[in-house]
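Generate coordinates for the entire structure from the input sequences, incorporating the hints supplied.
Below are the chains, spelled out letter by letter.
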Amino acid sequence: MLGVMYALVAVGFTLFFGVLDVIHFAHGDIFMLGAFAGLTALVGLKAAGLGGSLLALPLTFAAAILVTGVVGVAAERVCVKPLAGTSPLMTLLATLSLGLVIRESVLIFYPRGADPKPFPQLLPQGGFEAGGVAIRYENLAILGIGLAAMVAVDRVIKGTKMGAAIRAVAQDPEAAQMMGVNLDRTVDATFFLGSGLAAVAGILSGLYYSEIHFIMGITGGVIGFSAAAIGGLGNVYGAIVGGLLFGVLQTTAAALIPRGSEFRDVVAFAVVMLFLVFKPSGIFGEKSVERV
Amino acid sequence: MSSSHARVAPTRRELLQGASALALGVAAAPAAAWAQRTTVKLAFIGPLTGGTASNGLGGRNSFLLAVQERNADPKARYHYETEVLDDECKPTVAVQAALKATSDPAIVAGVTHYCSVTAIATVDTYHKAGMPAMVWGAVLPEITYGHKYVEVTRVNGTMINQNNVAADFAVKTLGFKTFALIHDTTDYGRAHAKWFGEFLEKAGGKILTTQGTAKDQKDYAAELTRAKADRPEVVWYGGLTPDGVRVRVQMDKLGVRAQFQGTSGIKSDTFNETVGPSAEGALAFVEGAPTEKLPGGKKFLEAYAKAAFKEPSEAYGPFAYVAANLVIDAIEAVGPDRAKVAERLKRTKNASTIIGPVEFDEYGQNTVPLISKYVSQDGKWVLWEDSEYASGKRTLPGHKFKKM
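For the record, the sequence lines run as chains R and B. If you count the first sequence from 1, position 206 lands on 206 in our numbering, and the numbers rise without skipping. If you count the second sequence from 1, position 85 lands on 1085 in our numbering, and the numbers rise without skipping.
Keep in mind the hints are simulated off the structure, nothing from the lab. Treat the numbers as computed from the prediction; the structure is a model and nothing was measured. One thing to keep in mind: the hints can contain errors.
Not close to chain R: a few residues of chain B, all C-beta gaps over 10 Å, as computed [claimed, not checked]:
(1) Leu1048
(2) Pro1141
(3) Tyr1149
(4) Val1150
(5) Gly1296
(6) Glu1359
Estimated spans, in silico, between C-beta atoms of each pair [what the hints assert, rightly or not]:
(7) R:Ala152 with B:Lys1202: 55 to 61 Å
(8) B:Lys1310 with R:Pro124: 35 to 41 Å
(9) R:Ile257 with B:Asp1124: 42 to 48 Å
(10) B:Glu1343 with R:Ile257: 48 to 54 Å
(11) R:Ala175 with B:Lys1100: 37 to 43 Å
The beta carbon of each residue, even a glycine, is placed where N, CA and C say it ideally should be.
Pasting the structure below:
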């Protein structure tokens, strides 16, 4: 479950890196914003008498994807594009600052933003036991939605004209432009797609944990980026594998190592460090033909 | 005679002028008195943002209420101004806030810290600066018992008393025998686990697992799955509200059928609001009595309501209120001198306050004898003795699971 959420955030990081060679450090806070946008949409739907309807879930996802997509595109235009000719460190700093702005804005402007917020249960409750492990219908639904989102990204990238443009820009922006690809539109689409996936992850996190908090993007962002790095920055499938692997690493460290709960992040991030030292290009390496 | 009489009998205009002047004089008298008083600054430090902000804001409001009341008191020798600082419940931020307060010579004393991690981190800062700081919420014993600094005192109790009562209650009164302990790895969580574990074993309880987790950890699946394998009767969490919320919610998700017991750190309205129906039957323990049952609790709650603060006073608001009053009393008695105020505060004996008599031991620790037991009932923390669980109308989740 953890891995699915990490993977969705990681795909965003890898898309941005693949297309523009930027590390978008506000992405973790966009993940948080997606969760809050989803919650706000749910409150609105409830007020409109649609809170318990079958439409509530798709409408919540649609509203949150729209909000984070627009914020993601705006982030690119404000923090990435104007700094294109400068040092990559400037983009890093700008996106870090944007993340702080988003986080503090939620804290200040969302009603009682400092408190954890209960997230409504929209998925079927109940479940069954298999081999001593409690399996909940809700968890299966979350897993299904997460996997569907990943398949959808795959379809968009491999099966649409915009996906082809994204892949072309990732491989060689100048050649892509010469072939008639609109660079601005492609970059916008990439940021919309990546940020929308963060919203999906944010809502899934809310549905799974039944609560969201304004600080959830800090760890979510760092882990998402680490997962993308493990998988190979720039490779969508690497990000998915990296996300799943990171989740497995954390959980097995906590479950199998004595006092492992205290060291779960130490173990997981130590593995990230090892990857960066011994295989900096990540599991899937840096093969330009596969890049995004 | 007539002329003299004419002078004594005022005209209607003179009467109006006189009355107006008198009214103005009466109205302006307190302002004039304030203007004549020397201004003294007090600091408040607590978590105003972050996961424990609800407790911090309740403490801040209670502190401000005490200052407002004293400023309105015509007998007060000084006029009090306040500097409110946010420690975010983070040690590094708390040290910065403490440095800011102590480096302002106008600030004579502070009412400081709800979180143990921040209170313990700033003890040396107050000592080096010689600024009296009265802790209003943090429960780690070392905050007062780890040194002999004259500057640091604490109006609330420590976690030692709290865990003694909590362990005895769970084992001897409720009859639970097996426990899975989960705690955050801050000084606060570790110390709670240490003291609760010690008292639990003395009471005859058995600890099946003890697992430390990072503060602000999101996922407890691994810890709860491991705990579940041992089939504990109680899952005990030593940490603060945001993490306590996650542990309780995820217990249900993972099918952990056990009683949930927490510390004073989860006793907040936010816990009940965020956990929702699953909070029902959760246990928490807090130093002192519920605000409405305190000797001056009713008066405090009325004054708090009249002041129309946006946030509730929460469990530790009365302690912040008492701390502010004790600090002000000391300043009124010895003047706005940090060293003299610190000496005076440390020697507090039998002070009459809304939480009852306050008396500091040689370490500056209030020897609060009372610990209150709470159970979550219908979305509210209810004193155990007043609850339907105590009267037998309802059954605790842990007792239901035992019968299954």
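Beyond 10 Å from every chain R Cβ - status for Gly1296 (chain B): Since the minimum Cβ distance to chain R is about 28 Å, Gly1296 (chain B) lies beyond 10 Å and the statement holds.
Do the beta carbons of Lys1310 (chain B) and Pro124 (chain R) sit within 35 to 41 Å of each other? holds (38 Å)
Assessment of proposed distance window 42 to 48 Å (beta carbons of Ile257 (chain R), Asp1124 (chain B)): At 35 Å between Cβs, range violated.
Is Glu1359 (chain B) truly not at the interface, in the sense that its beta carbon sits beyond 10 Å from all beta carbons of chain R? The assertion about Glu1359 (chain B) holds, with a minimum of 35 Å to chain R.
Beta-carbon spacing of Ala152 (chain R) to Lys1202 (chain B) - inside the hinted bounds 55 to 61 Å or not: holds (58 Å)
Is the claim that Leu1048 (chain B) lies outside the interface with chain R correct, judged by CB distances over 10 Å? Nearest chain R Cβ is 8 Å from Leu1048 (chain B), so the label is violated.
Nearest-CB test (10 Å) between chain R and Tyr1149 (chain B): holds (31 Å)
Could you check the hint for me, namely that Ala175 (chain R) and Lys1100 (chain B) are 37 to 43 Å apart, CB to CB? Violated, at about 56 Å.
Non-interface claim for Val1150 (chain B): all C-beta distances to chain R beyond 10 Å? The claim holds: Val1150 (chain B) sits with its nearest Cβ about 34 Å from chain R, beyond 10 Å.
10 Å cut-off, C-beta based - Pro1141 (chain B) kept clear of every residue in chain R: holds (22 Å)
Are Glu1343 (chain B) and Ile257 (chain R) spaced within 48 to 54 Å by their CB atoms? For Glu1343 (chain B) and Ile257 (chain R) the Cβ distance comes to about 51 Å; the hint holds.
Going through the hint list in order, the structure does not satisfy hints 1, 9 and 11.
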